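Given chain A, put chain B in place with the hints provided.
Keeping their order, the protein sequence lines are chains A and B. Here our numbering is used: position 571 in the first sequence is 571, and no number is missing along the way. Here our numbering is used: position 122 in the second sequence is 122, and no number is missing along the way.
Just so you know, the hints here were simulated from the structure itself, not pulled from any lab data. Please read all numbers here as calculations on a predicted model, not as lab measurements. The beta-carbon is built from N, C-alpha and C at its ideal position, and this holds for glycine as well. A hint or two may mislead.
Claimed, not checked - Lysine-lysine pairs mimicking DSS-like chemistry, simulated, CA-CA at most 27 Å apart:
id, chain 1, residue 1, chain 2, residue 2
1, B, K55, A, K200
2, B, K72, A, K200
3, A, K306, B, K72
4, B, K12, A, K21
5, A, K326, B, K62
6, A, K306, B, K2
7, B, K2, A, K313
8, A, K204, B, K2
To be verified - Covered by chain B, per the in silico footprint, the following chain A stretches (three or more residues, Cβ under 8 Å):
id, region
9, 128 to 140
10, 197 to 207
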Amino acid sequence: MKDSTSKGQSAPANQDSLPIKTGAEIVVSTLIEQGVETMFGYLGGVVLPLFDKLYDAPINFIIPRHEQGGCHMADGYARASGKVGVMVATSGPGACNLVTGIANAMMDSVPLVVLTGQVRTDLIGNDAFQEADTTGITRPITKHNMIVKDVNDLQQAIREAFYIAKTGRPGPVLIDIPVDVEVTKAHVKPLDEISLAGYKPQVKGHHRQITMAAEEINKSEKPVLYVGGGVISANAAEELRTFAKKANLPVTMTLMGLGAYDQTQAESLDMLGMHGTAYANYAVQECDLLIAVGSRFDDRVTGKIKTFAPNAKFIHIDIDPSSISKNVNVHIPVVGDAKYILGELTKEVKYKERKEWFAKIAEWKSKYPLRYDNKSANIKPQYVIEQIWEATKDNAIIVTGVGQHQMWTAQFYKHTQPRHFITSGGLGTMGFGLPAAIGAQIAKPDMTVIDIDGDSSFNMTMNELCTAVQYELPVKVCILNNGYMGMVRQWQELFYGKRYSKSSLRSPEFAAVAEAFGAVGIMIDKKSEVKNGIAKMLKEKRPCVVDFRVEREENVWPMVPAGKSLHEMDGLDIFESMA
Amino acid sequence: MKHIISALVQNKPGVLAHVAGMFAARAFNIDSLAVGRTDDPALSRMTIVVVGDDKVVEQVRKQLEKIVEIVKVQDFSFKDVIAHDLMLMCVNAPPEKRHEIVALVEMFKGKVVDIGTKFVMVELADSEDKLEAFIDACKPYGIKNMVRTGTVAMARLSQQAVINE
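Pulled out of the complex, with its shape left as it was, chain A reads as follows (with noise of 0.2 Å):
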């Protein structure tokens, strides 16, 4: 990836000619210089005089109104944009606050820098006011972080933060800066080279890798291609296609995945895993080739990993070599972009018919559809869904929560363009919904951004609907709610004899409590009323929140128990009944 400061400049001779800044002003100028527009962040003691600066700097300031909230929308402020999060707290609870949006930031590889307040330098360790180890919390939530003590060490220590969060397989960036770091005074240093001796990411992969791993392509009767949210952080989506299309190659994508292939295309099997398609998951255990791109064998895809496609040869191309061969053994690792990996793989690789197994995986998806009942009365929250997608055809940034919601959206909508699905994937973070659409409406403010969450998980930010009414964003919200954790609800369902212990909870009038934050508030509980809602919905030019009643004790089908071969899924007799 290019960058700024990779390109370097040459330096005056004599660096103290060069102006002298507060820490502060150090920050703010260094920002900018990064090419930060936006950012988030929240005020505190300790990070005043940072917020001083920001008082007339050339940055678009958002407040959300909790930290993890404004850590979520620097994630999908990035996701949307391809751009680095940038996120401020202040010390203590401020950082500890920001916890979760690490986490997930992390888990799901997305650039963030975060920038931290901290005590005064001569009272770190003394349990000052608001003071938290917060490079020890962080330590194993972040890519990379660290403490500035020294004011001259902080320009630096931005641009690293910079060049880590974006390079490589990304990831957030923590600094902690002390106060009094803040207010003290440093030359500006030239912008030069970043050359850090223990971080060095490949991003070529080696050649002899790629031409064997063609070489199996080219052989192969029965190859999926199985792709991860690493393509669509490359920006590798062409790059991907082109090669699909030129080895003719059914794809198979994982949630983060979705977007990167285009689902209305008849190669797509669309998402494998505990919630994928049968036909995705039995063209997987009977492939002879997986190959995998920027994707990681996650549990959650593979199922009971010693019989996970166990006739299958893996190739695995990934920009981090820890993920290779860390859950499965691995044929032939490709380590470096994807971008430029799959660029160089499809100069080597020959189309192939592979007639027999297509008409295999078409008799599978002719065989095993998704459905749900369309005919009933009631709600469904697929059909919610359903109507979302005929309405926008994913001319639009679909954000969800976690839960079932979450899964339904992924299975119904048609993912055609990458950074168009923002989830959250890996951690699994109830509540990032609504702030990771506002991150995303920031960063795309002309396209239709709609959050479809579950009441729950809307239950748990939903104060962030103040900070969309404070700056006039649009961002749409759609509750699919059944009064329930839903995914917990059918858990128990399932393998806890329908004991649902603890998992209902009542739920304020969301469109009531949307119209006292200012939003719009909508209320649907007849199937009648859901195209329409969904149309007036579109039409709003301010925040706008719709809760549908649906269906209560709705399951996500097919499911592939915890424990069990990606093949044996549960659901598949009832989709058979509703056929």
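Below, chain B without anything else, positioned relative to chain A:
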């Protein structure tokens, strides 16, 4: 199986915590961990002895390499290395047994570094099995207490050219 991993790390605060935390979070077992300065004040060397099969050790190596402050990681498992541990031990040595213990120490090429009325303190730096053998030999006399640094290792000169490739 035990593997010796040698990591060159930046001499910065938090690096040891990062390494220790990563081992705990990923459920890797550390047998010993020794950290010390190198000839370059900006760098430290960590020698980590890990228990696990080849797959585990490969993950350990990759996860270590992922840490930004870690400059270089070497797996010494299949190399010809000098691997030594330093031990200090207080062993029960009444006057009538003292000469036996001193003879034992000499046999193991150790040093008596302190003498009290009842005990002597012995220093021994050698491979792990030598240390274990010495401990077994001293047990009958009564070991009061002992401390070990954990293994530090360096590839033999004949191997260093290979490793530096």
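Structure-based check of all given hints:
1. Taking the CA atoms of K55 of chain B and K200 of chain A, the gap is near 23 Å; set against the 27 Å cutoff, the hint holds.
2. In summary, the hint linking K72 of chain B to K200 of chain A is supported, as the alpha carbons are separated by about 11 Å, within the 27 Å threshold.
3. Taking the CA atoms of K306 of chain A and K72 of chain B, the gap is near 33 Å; set against the 27 Å cutoff, the hint is violated.
4. Proximity of K12 of chain B to K21 of chain A is assessed by CA-CA distance (about 26 Å); at most 27 Å being required, the pair is judged to hold.
5. Between K326 of chain A and K62 of chain B, the direct Cα distance comes to roughly 10 Å. Compliance with the 27 Å bound is thereby established for this hinted pair.
6. Our distance criterion of 27 Å between C-alpha atoms is met by K306 of chain A and K2 of chain B, whose separation comes to about 26 Å.
7. With a C-alpha separation of about 30 Å, the suggested pairing of K2 of chain B with K313 of chain A is violated against the 27 Å cut-off.
8. Restraint check for K204 of chain A and K2 of chain B: not satisfied, since their Cα atoms lie roughly 34 Å apart, outside the 27 Å limit.
9. For the region 128 to 140 of chain A, the stated coverage by chain B holds: 4 residues have a C-beta nearer than 8 Å to a C-beta of that chain, and at least 3 were required.
10. Proximity of the region 197 to 207 of chain A to chain B, defined as three or more residues with a beta carbon under 8 Å from a beta carbon of that chain, is established by the 3 residues found.
Of the numbered hints stated above, those contradicted by the structure are hints 3, 7 and 8, listed in ascending order.
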